[in-house]
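If you're matching them up, the sequences are chains A and B in order. One point on numbering: in this note's numbering, the residue at position 182 of the first sequence is 182, and numbering is uninterrupted. One point on numbering: in this note's numbering, the residue at position 156 of the second sequence is 156, and numbering is uninterrupted.
If you are wondering where the hints come from, they were derived from the structure by calculation, not from laboratory data. No residue lacks a Cβ here, since even glycine has one placed at the ideal position from N, Cα and C. Accuracy of the hints is not assured; some may be wrong.
Said to hold, decoys possible - Quick look at which bits of chain B chain A covers, simulated, 3 or more residues with Cβ under 8 Å: (1) 114-120; (2) 150-163; (3) 170-179; (4) 280-287.
Listed here are the chains, written in short residue letters.
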Amino acid sequence: MDFKAILTTTFKSRKFQFAIAALAFVAVLPLFVRSEYIVGHVFTVMLIFAIYASSWNLLAYSGQGSLGHAAFLGIGGFTSALLAKSVGLPPIVGLFIGGLVSAGIGLLVGLACVRLKAWFLAMVTFGFSVIIVTIFIQFDSVFRGVIGFATLSFVPQVLPFYYGTLAIATSSIVAIFLVMKSKWGLAFKAIRENEQEAKMIGINTAKYRLLAFIISTFFAGLAGGLLAESQLFIQNDIFNAENSFLPLIMAVIGGLGTIEGPIIGSIVIVSIDSFLPLTDKFLQPLNPFFPGVSNVGPPLRMVGLGLFLILVVIFLPKGITSLLHKLYDYLREGETKKVKKNEGN
Amino acid sequence: MILPPITSSGLAQALLFGVVNGCIYILLATGLNLIFGVMKLVNFAHGQLLMVGAFVAYEVTTIAGLNPYVSILVSMGSVALVGIMLEKFAFRKVRGTEKLNEIFISLGLIYVFQNVATLLWVENYNIQIPSPLSGLSFPLGEVLLSYDRTLAIVSVIVILIGLVLLTKKTKIGLAMRATSQKSDAAMLMGININRVYVFTFAVGAALAGAAGALYGIIFNFNPAIGALPTIKAFAIIILGGLGSIPGAVIGGLLYGIAENAAGYLSNGTWQDAVAFALLIIVLVIRPTGLFGEKGE
């Protein structure tokens, strides 16, 4: 298929039209939601985590599940923040250099992981994030992450930053989509399904696993830079294990291995994180039962999140995306039935 | 930062403590290893079972007034029950699907366990199981070894002997070994695979429960202690080879000693990182572990 044919089929596909509609919706959304807090701390964070979760998802697409992606998020964040702060590089350049540095370190970690099975890989990546945080604490005079420092954002905050992030997020996700649909993506999928067989049909599995690692860590680093800039502050807590687990949870809840899954997962999880605390006051009557905690809200939410993840994995292996697909099919079916009925009359 | 002087007796003390830590890790690693060997399943929430075990032992010693070393048995029993539920209601549902699903399930379990423990027990932050022997120690060469640590080593040895007897001398142990070699063939020979899996998971969980009780006697603990021991147990399995109990014992002792020596020589700061670095180096050179055979 030549390039033009790909383009025409893309434009005609229902998915593409949906994506354009969604993009248009996201672009006009801040004009209706006037709250600076919601645009700056919810919508922008959703976009950043959409990149981050998509990067994780791409790695899982090749069968490699990382439990230490926060290391790359943090490396990207610190590189871009330090470059802007100490060297005076424009923050937008720093963002991409942060991604590249993260990808470079991702290459090294990927080299170490290239022959490892799923669980060893999960462990080594987790261990790597522990090592990175130790290094950052030890060389605090260089990284200054223990107390943290203010970062500069590449465009002024809130609305311009939201649109800037939207542009970067859109291009990143399109790039990840193109990778997934390319020959590389096919190789990733083959490796995920059965590495031995993939090797047998002549796929250089080591090369493609490394490629997935590099691309994934590049976008994780990019997301880290954006995260640091959106909060106007960076600290070592960007390396927290929670930041390693969140992209996984988002991708799995949204729909593993799909392009829209991590985006939906990011919307769901960031919404839960931002809006559910507002319901904490209704949980106050539960407080006397748990005298040890001052507010039962946060731990209860975490328990809920864990259960949600388990239930999705067991009962909805393709995530929320599959539900949406079913709903869409159901609506389409209803439509065609109506059309047929009309034809019958 | 002023480092305390490094002395040979200090180093010897650190190494001895390393042996004790290693013993606790051995229990955890053996449980993880057993579950992996028989079920080809990796439970990343294994360390959370250790945490639950520690809290159960704490409750029975403080409320029921049991001797902490008797509480190990209670803790083993109750964590085994938790393990049975986990196998039946979570891991069995994703058996035979993608390997990543197990990692996802265990991650969800980590969230659940850690936060349920926070809800129930956070008032007891950084507690220790009160032992009648605490503070008592005897000299061993030029270092001091507390009675609690000695008893911990003895308990681990007793439990491991029990485990070896269980797997080598009993019928269910035979079934476990058969299943670990080839589950399909074992099923055709009339072994009830589901029962073997539940039993294996219960035994693995009980070992984690015992490790938790011992951990709670020797160290302070809180709802968040589970994560690092899991990773360390993993490291030990990788050092000692998948599916081998003697390997886990050697790996556990090596790891405990290496970790404590690194911690002592670097004043504690590099303790966890050095251990992980070692582990990653081993894995890069030998992806199947130091003593591991070419496994699955």
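Here is how each hint holds up against the structure:
no.: 1; hint: 114-120; in the structure: holds (count 6)
no.: 2; hint: 150-163; in the structure: violated (count 0)
no.: 3; hint: 170-179; in the structure: violated (count 0)
no.: 4; hint: 280-287; in the structure: holds (count 4)
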